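Protein chains in written order, with this note's numbering: chain X, 170 to 556; chain V, 170 to 556.
Check before you lean on any hint, since a few could be wrong.
Treat identical chains as interchangeable: a pair holds within one or across any two.
[Stated by the list, open to error] When the alpha-carbon atoms are kept at most 27 Å apart in a straight line, the in silico DSSO-like pairs for lysine-lysine are as follows:
| # | residue 1 | residue 2 |
| --- | --- | --- |
| 1 | Lys225 | Lys292 |
| 2 | Lys283 | Lys200 |
| 3 | Lys468 | Lys282 |
| 4 | Lys297 | Lys197 |
| 5 | Lys221 | Lys283 |
| 6 | Lys292 | Lys193 |
| 7 | Lys225 | Lys254 |
FYI, nobody ran anything at the bench for these hints, they're computed from the structure. Given the structure is predicted, the values throughout are model-derived calculations rather than measurements.
Number of protein chains: 2
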Amino acid sequence: MNNFNFHNPTRIIFGKGTIAELSKHIPKKAKILLTYGGGSIKSNGVYDQVIKALKKREVLEFGGIEANPDYDTLMKAVKLVRKKKVDFLLAVGGGSVIDGTKFIAIAAPYNGKKPWNLLAKNKARDLKTALPLGTVLTLPATGSEMNNNSVISRRSKEEKFAFASELLYPVFSILDPETTFSLPLKQVRNGLVDAFVHVMEQYVTYPAGAALQDRQAEAILQTLIEISPKAMQIPPNYDARASFMWAATNALNRLIGAGVPTDWATHAIGHELTAFYGLAHAESLAVVMPYLLWYKRDKKAEKLIRYAQHVWKLRVNDPEEMISLVIEKTAAFFLSLGMPTTLTAYGIDPDEAAQRIQERFTARGTVLGEHADILPEDVAAILRMSR
Amino acid sequence: MNNFNFHNPTRIIFGKGTIAELSKHIPKKAKILLTYGGGSIKSNGVYDQVIKALKKREVLEFGGIEANPDYDTLMKAVKLVRKKKVDFLLAVGGGSVIDGTKFIAIAAPYNGKKPWNLLAKNKARDLKTALPLGTVLTLPATGSEMNNNSVISRRSKEEKFAFASELLYPVFSILDPETTFSLPLKQVRNGLVDAFVHVMEQYVTYPAGAALQDRQAEAILQTLIEISPKAMQIPPNYDARASFMWAATNALNRLIGAGVPTDWATHAIGHELTAFYGLAHAESLAVVMPYLLWYKRDKKAEKLIRYAQHVWKLRVNDPEEMISLVIEKTAAFFLSLGMPTTLTAYGIDPDEAAQRIQERFTARGTVLGEHADILPEDVAAILRMSR
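Make a model of the complete structure from these sequences and hints.
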């Protein structure tokens, strides 16, 4: 097992009706900025629950944070926060709203001239101050409600950057599974795939003597496979949605990644597909991961076989056959949720995507994977398989 | 799934050589009280590592905290803390030293006349202040290094009480698996059994639609079963000890208990066996749990069958036979580690133990179990089976 430092101070308030507790978790004299997305929280009742819970509190609002939150949008919120001297951020929504609000949290008190450098030059890492934030999660997927990561896009430059800071763990996150009941099933599907791939990136690497972490990763994968059909049911099933929500949070709260090697190549490639072609985050992962596993099947062989045995209960004598089969199983699982697994399904030319992303990674000197052996030409080879 | 509130702010610094980092995790101007047990840390090098890491810091010492830490011993440390105005506690040892230090942390700033009432009248729950504490763990077992629980004995009254407070999560815990290399194998055995039973108390109850928590519990049980033989090997195996250490922490850091019913009857009964007969904590659990599972086999049937299938991979058509078999498997696992599973193995008369504990629980009005249906006479019946 590798050495690690694990610290996750986010308080999780989980369950039916818990939005009503909101006010007591926010400092008494805080001036609050409520951030949200396209307005679905207004039609599904979550906005009303939040406002009711915050009556008598000083609350400003900033709506319109888009999926794959955009730098230019968020800088408007940063101006508002500075002008109105907001001192607590409350993100109500999914991973995009929370990620965007994390950027507001570091950019508002930042004195540098170019807040974009917080991302592009990774200056976020060294920051000493950020506004505190809390969240009310409405879309389980990214785990942002219980981690210190964020991903921000800048459409004007066709760029997308991830950043992290110890300051960005939400103080609290309220997870009420009933807030997911009004989600389009496509977003449930996206969340299931996103959470699944988060686990895979931390699990299918190489053995590191981390017996518990491997089994904890398998626990989440098995849970997602088990509850997916029920999580997609109409009308929504409370326990399945609750397990989905809690599994997605646990998929990326640093616990299963503690002390083990991690990959994240699928994410890095996927981010470029979102930047260039506008694919939803989960969609971008599903068109990359099966081919990446195939391409790196030798280096990942031991963990792929374990994954086949422990998660999918496959019993095949020939290891190569078992590996091929479990990669097919993984793609079939995504397909069973209605999630395409090829670039061509979105009308994207794999050769063009391969060329564009290879060029960008070459220019940036990007090298990916748990062995740092996925070079830009390997990325191109992986993308050309997605057809 | 039940609603829950999960918050575990303890920072874990895990791995080889991490004691060297100690100083940077303690506030700069703190006056530190280093607490420890019978002195094994002086012979195994841990004391020297701690002192080296704290050079130039102001450090007082309080040694001699016994297994099942005693109120009268700890009150001496409380006097020292008050007199010397100590403002940071550093527990170096196993669960007993950490639990004892948690009591010091709440008793030192407590203004009430009878600190015993913090335990006997459960006043610890409502406290508003406690000294901060950090730990260097040397014996994986109780999970005290990453939770807010503590158990204190008072031999002069033959009593033992558990308490908890939100203030008692250690600020940090350093877990270096190499500190376990000098442990007597009996203590490794005790730690494995303790961690195993911690999970069982939160898992073998009744189904509550908590798909992930059930699998997370199974992940820990399977890990303990898998690594136990290697964790008992001579010379010590680093990865097995590391997995043992991390599994024991995860067995009782509130994660697997979030949103599910919990039992804790085995612990409550075991505490009395320690109070009356001086059994080690883990020993007391191993002579109770198999019989408790047998006695409550109807109410726990669904989870016992799941436990048989998922953890032990048993395949038996008759459910009753499967339940009997998995209880035997559990006892056999304890025995395989050299852990007795009967009161008589310790020369304790089961009938006498049953009578004494039934009387005490009757006097206290104690009712146990996830259904609150284990009455004093049931406890007696369970104990009489342990022969």
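- Provide an ascending list of the numbers of those earlier hints which the structure does not satisfy. 1, 3 and 5
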